[in-house]
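Build out the structure end to end from the sequences listed, making use of the hints.
Just so you know, the sequences run in chain order E and P.
Mapping to our numbering: the first sequence position 211 is 211, numbers consecutive.
Mapping to our numbering: the second sequence position 107 is 107, numbers consecutive.
Simulated from the structure, these hints should not be mistaken for lab results.
The beta carbon of each residue, even a glycine, is placed where N, CA and C say it ideally should be.
Fair warning: there could be bad hints in the mix.
To be verified - Straight-line alpha carbon distances no greater than 30 Å define the calculated DSSO-like cross-link-like pairs of lysine-lysine that follow: (1) E:K200 - E:K176; (2) E:K134 - E:K91; (3) E:K232 - E:K193; (4) E:K87 - E:K38; (5) P:K126 - E:K86; (6) P:K126 - E:K87.
What the hints assert, rightly or not - Reference listing, derived: stretches of chain E covered by chain P, where coverage requires no fewer than 3 residues with Cβ under 8 Å from a Cβ of chain P: (7) 77 to 90; (8) 96 to 108; (9) 125 to 134.
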Amino acid sequence: MTQISQLPGAPLLEVSHVMKNYDGTRPALDDISFSIGKGEFVAVIGPSGAGKSTLLRCINRMIDVSDGEVRFEGVSVSQLNRRDLKKVRSKIGMIFQHYNLVERLTVIENVLHGRLGSKSTLSGALGRYSRDEKRQAMELISMLGLAEHVYQRCDRLSGGQKQRVGIARALVQDPKVILCDEPIASLDPNASKVIMEQLKRFSNEMHISLIVNLHQVDVALRYSDRILGVNKGRIVFDGRPSELSPERIAEIYGTELSAPRVRYAS
Amino acid sequence: MTNALDTMSGTDRPVGSMVASVSRLPARPLTKEKVVIRLLLSVLAVTTVYALAHLDDGGVNLLQAASDTLANLKIIFLHPGGPHLSFLKALYEVVITLGLAFLATLFGAFIALFLGLLGAQNLAPKPVTNVIKAFVAFVRAVPTILWVLIFAVTAGLGATAAVIGMTFHSVSYLTKAYSESFEDLDRSVIEALKASGANWWQIVFQAVIPSSSTYLLSWTFLRFEMNFANAVVMGAAAGASGVGFDLYMASGYYFDLREVGLITYLILAFAIILETIAIRMKNRIKDDQA
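What follows is the structure, given as structure tokens:
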């Protein structure tokens with residue numbers, strides 16, 4: 001049923017037989033396995049409560065897995081000590097539905113937070129960033145079209161602008177992978193389009209792999225190279241967008257009735 | 001007219017029957033609270049009456065006493081000034097009192113900052129926050145003056161004991177205020193920074209403290225205002241010098257009402273200034289929340 005799509009490179013991230021039990025009832029993740037290559041754009045779709053968020057957070061060990069293994073660049077994430085875990089995390093960016101910015105700080109300060117993982121405790125705590133780091137942050141900010149808001153507090157920005165700050169914060173980490181947890185679920189269609197296109201662009205230009213949790217199947221179809229369908233903690237579909245037939249979608253979303261209507265992209 | 005009367009009496013009947021049906025409703029249950037409150041009120045009433053009836057007035061003529069009190073108040077508030085204290089000397093003493101309050105607030109704020117971080121549920125594990133919260137609640141439950149007297153055992157009565165005691169109480173007050181301010185920061189923001197590899201100290205200084213700095217400043221100033229009032233009392237009760245001590249001397253030794261008036265006015269002036277700033281700070285918190 002599942003089919004591994006063509007990988008553009010050696011697997012950067014390997015998830016094998018991952019289980020997650022929160023309280024011993026139904027597992028949140030049930031024997032999840034997949035691997036992702038460099039620069040791949042993977043959309044994860046599935047009904048609410050299917051385990052999409054849990055899956056993302058198991059990758060950078062914000063949540064510990066109950067069983068199985070996550071390997072990032074060949075290193076088993078679950079075996080790492082705190083220090084090495086932080087090193088791995090600094091190579092994995094994360095973007096959130098609610099942006100999770102420090103609202104009272106300026107755009108540039110929030111973007112520079114992405115550098116904290118690569119700094120010493122002291123210089124990070126004091127907020128001492130090097131000239132290069134600041135330049136890199138500035139560049140990303142203007143690439144994302146926020147140049148005129150650099151010194152504005154984030155609580156003055158619109159949702160779409162906040163999410164772009166979130167993207168800049170992830171990109172300034174120089175990540176290999178960016179995990180996106182419902183990045184457009186709180187945005188209007190226009191802002192969503194801008195965000196998705198920018199994500200796609202950075203994924204292509206900087207060869208960053210993206211794992212994007214999405215609610216909207218049509219968005220997944222339009223932008224991703226590969227789609228993972230998750231239902232009740234299991235992967236029920238793994239393939240190219242062109243292989244995702246309405247029957248498959250119905251399978252992912254449980255019943256035919258609850259399957260969202262889909263506009264097909266080319 | 002008669003028609004109107006008729007209709008009125010006509011409406012009367014159903015109302016009467018309603019009243020009757022109301023009286024037939026079951027009485028409201030007598031809850032435990034009600035019983036306690038009623039009991040308390042009756043005990044208070046009885047003791048008040050008893051105390052009034054058996055008041056030992058020591059042969060004081062109440063009318064005379066009342067008019068004397070008024071005369072004293074008149075001297076205090078209308079003719080302030082004093083032979084022992086010049087205005088400048090009194091001002092200097094107020095500054096000493098401010099200094100006591102400032103020191104206690106400064107030490108308290110510094111210690112409370114760290115305890116507050118450990119007491120915030122989004123920053124520290126639950127057992128730690130519980131211990132901190134219990135400790136702080138205990139310290140807060142004991143009045144400031146008691147802490148001062150406790151520390152007077154080792155430091156001797158005076159400014160040192162007063163500052164240590166006030167610091168103690170400030171720590172407990174500010175720890176609670178700070179940790180609640182820290183808890184206002186969304187867990188998800190902390191999660192975001194953690195996910196990018198930032199460690200605890202970096203998250204604290206880059207996200208938690210910047211987000212709550214307005215609150216921290218405001219709470220600290222509120223405590224400074226409280227400490228000023230405390231420091232006046234400490235001057236009198238713990239010999240901590242400052243204007244409180246002068247007030248004590250003026251009222252207890254020299255019986256110099258004019259000097260009491262001068263000091264009272266000075267304290268009042270400073271209290272009003274501090275209060276005004278404190279209110280502005282509070283408004284800033286509100287504005288920020290809006």
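Comparing the hints with the structure gives:
no. : hint            : result
1   : E:K200 - E:K176 : 14 Å, holds
2   : E:K134 - E:K91  : 18 Å, holds
3   : E:K232 - E:K193 : 29 Å, holds
4   : E:K87 - E:K38   : 19 Å, holds
5   : P:K126 - E:K86  : 23 Å, holds
6   : P:K126 - E:K87  : 27 Å, holds
7   : 77 to 90        : holds (count 5)
8   : 96 to 108       : holds (count 8)
9   : 125 to 134      : holds (count 3)
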